[in-house]
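Enquirer: Residue numbering for the sequence shown follows this note's numbering, beginning at 29 and increasing consecutively.
Hints may be right or wrong, so weigh each one.
Below, a list of computed lysine to aspartate or glutamate pairs in the EDC-like style, where the Cα atoms sit at most 20 Å apart [stated by the list, open to error]: (1) K94 - E104; (2) K94 - E45; (3) K67 - E123; (4) K113 - E123; (5) K94 - D65; (6) K113 - D86; (7) K113 - E85; (8) K113 - E59; (9) K83 - E59; (10) K94 - D74; (11) K67 - D97; (12) K83 - E104; (13) K83 - D65; (14) K67 - E85; (15) K94 - E59; (16) K83 - D40; (17) K83 - E45; (18) K113 - E45; (19) K67 - E45.
No wet-lab data here; the hints were simulated from the structure.
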Amino acid sequence: MPPEALPAPDLDRLVHERVRLGIVSALAAREPLSFVDLKQILGVTDGNLSVHARKLEDAGYVTCTKGFDGRTPRTEYRLAPAGRKALARYLDHMEALIRAMRSRG
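Please take these sequences and the hints and turn them into a complete structure.
Expert: Dropping the structure here:
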């Protein structure tokens, strides 16, 4: 399949960004994950994670639950069905791109 057959709009720019792709990928592998877990996995700052997690939450890709573990605040994230579909579409697009590039040899 030639690369021209893969229109750019198929690439979900919300998921494509490195930190957001890391968030949805981590949640697809294991959920729920706490804010602290995601921060450690991705190696990002509190502010950076907050901004990107909020964008995914606003898009309906992740859900966020806030609570307490004893007296300690705890924020947990889960991948929403829309986020799971978005990640699957993104991976399909990337696999098609890889196949196209390999076929060009």
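Enquirer: Tell me the hint numbers this structure goes against, listed in increasing order.
Expert: Going through the list in order, the structure violates hints 2 and 3 and respects the others.
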